[in-house]
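*Asks:* Please take these sequences and the hints and turn them into a complete structure.
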Amino acid sequence: MIKSKLKTNTGYSLLETVFYISFFAIFSILVINTLITMTKSFKENTISTELMQGENIMERISREVRQANSIYSISVNDLKLNTKDTIGTAKTIEFVLSGSDIRLLENNVFTANLNTANISVQGLTFTQITTTKGVAVKMVLTIKSTHDSLNRTQNFYDTVVLRGDY
Amino acid sequence: MMVEVVVATSIILISVLASMSVVQKSIVVSRQSLHTTQAAFLLEEGAEAVRINRDNSWTDISNLTNGTSYYPTFSSGSWVLFASPTTIGIFTRTVTIQNVNRNVSTGDIASSGTNDPGTKLVTVNVSWKEGANTITKTLSFYIADIFS
Chain U
7 MIKSKLKTNT GYSLLETVFY ISFFAIFSIL VINTLITMTK SFKENTISTE LMQGENIMER
67 ISREVRQANS IYSISVNDLK LNTKDTIGTA KTIEFVLSGS DIRLLENNVF TANLNTANIS
127 VQGLTFTQIT TTKGVAVKMV LTIKSTHDSL NRTQNFYDTV VLRGDY
Chain G
65 MMVEVVVATS IILISVLASM SVVQKSIVVS RQSLHTTQAA FLLEEGAEAV RINRDNSWTD
125 ISNLTNGTSY YPTFSSGSWV LFASPTTIGI FTRTVTIQNV NRNVSTGDIA SSGTNDPGTK
185 LVTVNVSWKE GANTITKTLS FYIADIFS
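Chains U and G, in that order, are what the protein sequence lines are. Under our numbering, the residue at position 44 of the first sequence is numbered 50, and the numbers go up by one with no gaps. Under our numbering, the residue at position 34 of the second sequence is numbered 98, and the numbers go up by one with no gaps.
Hints listed in this document are in silico derivations from the structure and should not be mistaken for laboratory results. Keep in mind that this is a model prediction, so the values were computed, not measured. Fair warning: there could be bad hints in the mix.
[Said to hold, decoys possible] Straight-line alpha carbon distances no greater than 27 Å define the calculated DSS-like cross-link-like pairs of lysine-lysine that follow:
1) K193/G - K150/U
2) K49/U - K89/G
3) K89/G - K46/U
4) K89/G - K150/U
5) K201/G - K150/U
6) K46/U - K150/U
7) K49/U - K193/G
*Replies:* This is the structure:
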């Protein structure tokens, strides 16, 4: 008798309903905010990963400068080196800033861009340093990600002495 | 019913906070990774700056004071080691020089022995602030007077 009376009184009171709706609203805001933050973070991580390409670009240029025998020609945005290939045959290798790309030329033939389409090269400057015993090249690379709406740039600096010039 | 709501709420709350924490950490790690890469090139450049000074004249190295921090600065078309602090963006780079001793009988570099004026121990440091922490990367190498 008591059981059946209790069953008929099931359901939500107004207070419970207000409580649940408030909870639902707060958690919805929390979850949506988290999703927005995660999306922004994913984009930020993508930008950082793309900017890491600067390492590959600088490493390639540095390695070629280090192995080179002499500088064929140098200007602010263009470096051409006298070097040798793997079997010892003389060749030239050139790095040119063209628009927002770094072009690599071997024996005056275009080989490839050093950067991908996701990276816009904002600056690449070469400066020759002449010592009493050899030559070095100072390089500054400035890049930005094409996905970065804030247009933030990152600089990579390096100087390398030509080992083949000693 | 109230207990179930509290339990469910707690699980969701913990999951959300854990996700946020992981996301925040991933941004910090990826930025730190980029800065570490930039610092690696600055270290290499610091070492090459010392090499350039050696190539010009060994006295440019031997006249430096042991243990003093010098700041490689590009001036008048070459690298110069200045005592006045300079920064490169968020990075600070220092070069310190130490004397090198050699074992009298073997001629090998040793912690004690006779001072070799033709060899120096060079330490390049690059440091930067990453949030509340200061990160320092170090490169040590010996440089010898091979041209005198």
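*Asks:* Now look at each hint and say whether the structure bears it out.
*Replies:* Cross-check of the supplied hints:
| no. | hint | in the structure |
| --- | --- | --- |
| 1 | K193/G - K150/U | holds (22 Å) |
| 2 | K49/U - K89/G | holds (14 Å) |
| 3 | K89/G - K46/U | holds (13 Å) |
| 4 | K89/G - K150/U | holds (23 Å) |
| 5 | K201/G - K150/U | holds (25 Å) |
| 6 | K46/U - K150/U | holds (17 Å) |
| 7 | K49/U - K193/G | holds (23 Å) |
Every hint, counting from the list given before, is met by this structure.
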